[in-house]
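Chains as they are written, first to last, in this note's numbering: chain A, 2 to 294; chain B, 2 to 294; chain C, 2 to 294; chain D, 2 to 294.
It should be emphasised that the hints constitute simulated quantities derived from the structure, not laboratory data.
Incorrect hints may appear among the rest.
No distinction is drawn between identical chains; accordingly, a pair holds when it is met within one copy or between any pair of copies.
As the list claims (entries may be wrong) - Derived lysine to aspartate or glutamate pairs resembling DMTMM-like cross-links, with alpha carbons at most 20 Å apart:
| id | residue 1 | residue 2 |
| --- | --- | --- |
| 1 | Lys200 | Glu254 |
| 2 | Lys200 | Glu251 |
| 3 | Lys241 | Glu251 |
| 4 | Lys195 | Glu251 |
| 5 | Lys195 | Glu254 |
| 6 | Lys18 | Asp58 |
| 7 | Lys195 | Glu163 |
| 8 | Lys200 | Asp226 |
| 9 | Lys200 | Glu163 |
| 10 | Lys195 | Glu97 |
If you want the building blocks of each chain, they are given just below.
4 protein chains.
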Amino acid sequence: MRVGFLGLGGMGSAMAKRLLGAGHELLVWNRSADKADALREHGAAVAPSVKAACEADVVISMLADDRALEAVSDDILENLDGVHCSMSTTSVALSERLTAAHAERAATSSPRQRFVAAPVFGRPDAARAGKLFIVAAGQESALDACAPLFDVMGQRTFRLSERPRDANLVKLSGNFLLANVIEALGEVVALVEKAGVDKREALAIFNGTLFDATAYHTYGKLIVDERWQPAGFTAALGLKDVRLTLAAAEALEVPLPLASLLRDRLLRLLASGGAELDWAALARLAAEDAGRR
Amino acid sequence: MRVGFLGLGGMGSAMAKRLLGAGHELLVWNRSADKADALREHGAAVAPSVKAACEADVVISMLADDRALEAVSDDILENLDGVHCSMSTTSVALSERLTAAHAERAATSSPRQRFVAAPVFGRPDAARAGKLFIVAAGQESALDACAPLFDVMGQRTFRLSERPRDANLVKLSGNFLLANVIEALGEVVALVEKAGVDKREALAIFNGTLFDATAYHTYGKLIVDERWQPAGFTAALGLKDVRLTLAAAEALEVPLPLASLLRDRLLRLLASGGAELDWAALARLAAEDAGRR
Amino acid sequence: MRVGFLGLGGMGSAMAKRLLGAGHELLVWNRSADKADALREHGAAVAPSVKAACEADVVISMLADDRALEAVSDDILENLDGVHCSMSTTSVALSERLTAAHAERAATSSPRQRFVAAPVFGRPDAARAGKLFIVAAGQESALDACAPLFDVMGQRTFRLSERPRDANLVKLSGNFLLANVIEALGEVVALVEKAGVDKREALAIFNGTLFDATAYHTYGKLIVDERWQPAGFTAALGLKDVRLTLAAAEALEVPLPLASLLRDRLLRLLASGGAELDWAALARLAAEDAGRR
Amino acid sequence: MRVGFLGLGGMGSAMAKRLLGAGHELLVWNRSADKADALREHGAAVAPSVKAACEADVVISMLADDRALEAVSDDILENLDGVHCSMSTTSVALSERLTAAHAERAATSSPRQRFVAAPVFGRPDAARAGKLFIVAAGQESALDACAPLFDVMGQRTFRLSERPRDANLVKLSGNFLLANVIEALGEVVALVEKAGVDKREALAIFNGTLFDATAYHTYGKLIVDERWQPAGFTAALGLKDVRLTLAAAEALEVPLPLASLLRDRLLRLLASGGAELDWAALARLAAEDAGRR
Chain A
2 MRVGFLGLGG
12 MGSAMAKRLL
22 GAGHELLVWN
32 RSADKADALR
42 EHGAAVAPSV
52 KAACEADVVI
62 SMLADDRALE
72 AVSDDILENL
82 DGVHCSMSTT
92 SVALSERLTA
102 AHAERAATSS
112 PRQRFVAAPV
122 FGRPDAARAG
132 KLFIVAAGQE
142 SALDACAPLF
152 DVMGQRTFRL
162 SERPRDANLV
172 KLSGNFLLAN
182 VIEALGEVVA
192 LVEKAGVDKR
202 EALAIFNGTL
212 FDATAYHTYG
222 KLIVDERWQP
232 AGFTAALGLK
242 DVRLTLAAAE
252 ALEVPLPLAS
262 LLRDRLLRLL
272 ASGGAELDWA
282 ALARLAAEDA
292 GRR
Chain B
2 MRVGFLGLGG
12 MGSAMAKRLL
22 GAGHELLVWN
32 RSADKADALR
42 EHGAAVAPSV
52 KAACEADVVI
62 SMLADDRALE
72 AVSDDILENL
82 DGVHCSMSTT
92 SVALSERLTA
102 AHAERAATSS
112 PRQRFVAAPV
122 FGRPDAARAG
132 KLFIVAAGQE
142 SALDACAPLF
152 DVMGQRTFRL
162 SERPRDANLV
172 KLSGNFLLAN
182 VIEALGEVVA
192 LVEKAGVDKR
202 EALAIFNGTL
212 FDATAYHTYG
222 KLIVDERWQP
232 AGFTAALGLK
242 DVRLTLAAAE
252 ALEVPLPLAS
262 LLRDRLLRLL
272 ASGGAELDWA
282 ALARLAAEDA
292 GRR
Chain C
2 MRVGFLGLGG
12 MGSAMAKRLL
22 GAGHELLVWN
32 RSADKADALR
42 EHGAAVAPSV
52 KAACEADVVI
62 SMLADDRALE
72 AVSDDILENL
82 DGVHCSMSTT
92 SVALSERLTA
102 AHAERAATSS
112 PRQRFVAAPV
122 FGRPDAARAG
132 KLFIVAAGQE
142 SALDACAPLF
152 DVMGQRTFRL
162 SERPRDANLV
172 KLSGNFLLAN
182 VIEALGEVVA
192 LVEKAGVDKR
202 EALAIFNGTL
212 FDATAYHTYG
222 KLIVDERWQP
232 AGFTAALGLK
242 DVRLTLAAAE
252 ALEVPLPLAS
262 LLRDRLLRLL
272 ASGGAELDWA
282 ALARLAAEDA
292 GRR
Chain D
2 MRVGFLGLGG
12 MGSAMAKRLL
22 GAGHELLVWN
32 RSADKADALR
42 EHGAAVAPSV
52 KAACEADVVI
62 SMLADDRALE
72 AVSDDILENL
82 DGVHCSMSTT
92 SVALSERLTA
102 AHAERAATSS
112 PRQRFVAAPV
122 FGRPDAARAG
132 KLFIVAAGQE
142 SALDACAPLF
152 DVMGQRTFRL
162 SERPRDANLV
172 KLSGNFLLAN
182 VIEALGEVVA
192 LVEKAGVDKR
202 EALAIFNGTL
212 FDATAYHTYG
222 KLIVDERWQP
232 AGFTAALGLK
242 DVRLTLAAAE
252 ALEVPLPLAS
262 LLRDRLLRLL
272 ASGGAELDWA
282 ALARLAAEDA
292 GRR
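For reference, chain A alone in the conformation it holds in the complex:
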């Protein structure tokens, strides 16, 4: 399939390579061109502009945040006659605006233009291995169009509903659950460690009983190893996602006390210079609060 791909950071590059490896024709674009050039040797064509990347059946965007997506969305709306599949974690509100904008274009000028939100669970290593989990929402035909691409990038795709923003909300909720796991493990590790209990033993017990899930294995290990770098997912991005969760919840008048607590912790981590650490470093705060320096 002919695919435009916008945004070639750690996640985007890995996903683009998966698509290239499966034989898809890629038009890649990145704000800083060097990252696009690096994909040439993997067989990608470099698009000189967002407009040029829109000469495709599907355009995938994997951009850092709302602002980055907004910066390209007019170009996509004006030039695409296909599916825009947004796979990064963006706000519910932006997803609603883009859904409406694409529907309007489809009704007036570009009949095949549709918007799909398909955010993913998984860190860069999962992206490289094609083991992402993809949460997709949008019109059925649009999801069908994306399906062959999802199959290459992910180990499983969940089709959630016809309303794209639902996928964003579930993705944000998942990240909120993850941040919560980090904080909870951080507090527990601070406790058992100060009590003189072997923290690895304690973690093995949690992992071996009721908490035998990827989230607890991955973050448990980072926390007991105190390995905050290199970051698989930075504290700054974590704060962004918790903030988006709180914003979506506030718009719906839903208080989320745990998310508020996590926001304060992440903000504190940033204020102490931890923006680029893995968000597992939240656990460092619990240890500090217990008196460790």
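Please build the complex by placing chains B, C and D on the supplied structure of chain A, with the hints as guidance.
Here is chains B, C and D on its own, set in the frame of chain A:
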């Protein structure tokens, strides 16, 4: 083996039956005698007193709380010449006191007297099936003596350390992690539901991706089904355990902001008449806060 | 002085009448014209547009929120050759943007154009009595120009600094302190009331000892009387201000755990239909959590 | 009047001197005798035992905590035929137990024995000046008996009810309100300071408007001056009182989210070595969280 068994509530009865089924000789005792009588048909001998139940190699206690254990501990200390294995969730401080008291008896009058803490993870159905997870700590020889019993009651035993209270602390920490899972799922379900997203679909995504653990399956299902009764583990007991976690942490000067939040939520659940509901009913509060009545 | 006055809600009308009463010439404007008409009998001239109201030495805006102020700010920037004095509680970020925009106009086309932020403490009754507290920041000459107006509207003006947004930040901080007083009194009243202690006696003790301040008298009385209507300041506005405080703090990377807690409480109050109640109704939540229905 | 006085720390000594200065006959006792000796020159007689100090019409206790009061309460119960007036901040539960115990003694052996709780608001300088606020509860005749003593030690006495523990609850609530003021001012000062606003100016505005109360003046000044030593009231005592507030509230099933937050903050302050700092040092944590080292 000749085993005294004190405390025959939902968990205790199920565990005692597993031991009887495996051919162990049981002397059972319960504060209200009718529950002990019910085990006669399963082959247990009913002990008329705690003292009588102490004519055994190992005495297991599975009592409701610190107070219940303290009410029998003098009788055990004075009459046992074997291992006291405390399997209920009690305070770290009580475990420390009993460890010291048993050691003193061993040094003076009953050389074989030792204390083991072996709290369990699992609800009554797991106890019936012999599928508990057992976290055991105490002197190695004492743990060896209990091992055949643990094998019958649990699917796996973790030997943590020689210090009994370590097992209590890890068990309490595990319950704290569980309460945290309930609260987090409750908040997320309140959010997606108010957004019009199918809560079962959302849960399936979490369970199918990073949160594929018993805790998330069990409590996720209770929460989306809003099934607060019959209680597998009551809110009142949940509050007790969070309180014990906070007490242990306070003694060590370790702040646990998540545990504080959970304590307030559970207290609120009790104040609204929810003491005997399953502690999964914490999720009801998140829904209420989002405006559902 | 010739004064344009934009925004004639409960606070704005009261302040405008004070200015009229002191002999100032007022050009009043309101989005819904009927409120402007009501001031005719007090001697005001009704401006048909924001532009018309800008034919003045000072234009005071007392608009509901950022959005309302943004809706008129271009008209002010283009037409004013004097001081724009913003007296409502708006965001720090908007104040910074307007300061820069006015400075640019002053440098290019309207040399006398300057921006002053002068938010106020006080409810409508204080506004009627000219007893507001005014926190003003901006260029000294601009503050001098506003001083005669401040003297009529307020019992005291604090000149804070040359940077208008400082006044907004201090005003938001003050409202945060107020919300905190409400929550604290609400929790304490819920506690003593459930204990069977006379809540009015308890309040009298607090007010008569270390908490002999307007905030504690005003809100203490509303809370023990459970008088949530009519609202002096609505929960919806309270949430707006706590949100603006959190936004200002987040931009500076300052966690405010109390403000997060207050945000969640106010959100819950709104979700249960309390948007138009006085924000003192926060105390109702503490009573509910203690089991009162 | 003949008065026994137990407990001669900073507060107790100052109160005892006030009584001596007013001509009362004092029998003073302290666990470490040197502090009692120091009062000889002020005219006190040193009692060699608690029992000896009970040969009085009224025995005042001003002891550090529940444990210290419990350590002397049997001696008081057995030897006093008058009023035991407990003026330190102790738990609601202990007050209830002592009320019952004294009533039993009155019914059986010592007809004039009664219990009064009369905790005070004020730091040592207020005690020296006889400017304490006294919150008293107990039988009317017993309060009458204490009244001349209260008049010397305090600037005002509030007679709350006939139930002594009510006074303890209100006193604990007051300390909770105070801790809350410290935390709120700490957060606000961290915010304005990081924003580059003069923190003293900001404080002057709060103090000059809605927060013109002793609590805000006293703690505001300590916070902007960062004067954590010498402690007027230590963080360790502050934690004790917040803990007692939470315990009283838990017994009544009243969640107090603000108190939970304060408990965690105080615990963190202790864990970082701050036990003997003034509890105003809570504000240091807010500054740290904002990135200040």
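(request) Check Lys195 against Glu163 for me: Cα-Cα at most 20 Å, and say if that holds within a copy, between copies, both or neither. (result) between (50 Å within a copy, 17 Å between copies)
(request) Could you place Lys200 and Glu163 in one of the four classes (within, between, both, neither) given a Cα distance threshold of 20 Å? (result) between (45 Å within a copy, 15 Å between copies)
(request) Go through the copies and call it for Lys195 and Glu97: within, between, both or neither, with a Cα cutoff of 20 Å. (result) between (47 Å within a copy, 16 Å between copies)
(message) Checking an output row: Lys241 and Glu251, CA cutoff 20 Å. Within, between, both or neither?
(response) Answer is both; intra-copy 15 Å and inter-copy 11 Å each pass.
(request) Check Lys195 against Glu251 for me: Cα-Cα at most 20 Å, and say if that holds within a copy, between copies, both or neither. (result) Between copies only: 11 Å across chains, 37 Å inside a chain, cut-off 20 Å.
(request) If the cutoff is 20 Å on CA atoms, where do Lys200 and Glu254 land: within, between, both or neither? Let me know, please. (result) between (39 Å within a copy, 17 Å between copies)
(message) Regarding Lys18 and Asp58, is the shortest C-alpha distance of 20 Å or less found within a copy, between copies, in both, or in neither?
(response) within (18 Å within a copy, 64 Å between copies)
(request) First find the shortest C-alpha distance between Lys200 and Asp226 inside one copy, then the shortest across copies, and answer within, between, both or neither for a cut-off of 20 Å. (result) For Lys200 and Asp226, only the intra-copy Cα distance (10 Å) is at most 20 Å; the inter-copy one is 35 Å.
(request) Measure nothing new, just compare the shortest in-copy and cross-copy C-alpha distances for Lys200 and Glu251 to 20 Å and report within, between, both or neither. (result) Cα proximity of Lys200 and Glu251: across copies only (19 Å, versus 37 Å in one copy).
(message) Treating 20 Å as the Cα threshold, decide for Lys195 and Glu254: within, between, both or neither.
(response) between (39 Å within a copy, 9 Å between copies)
Hint violations for this structure: none, all hints satisfied.
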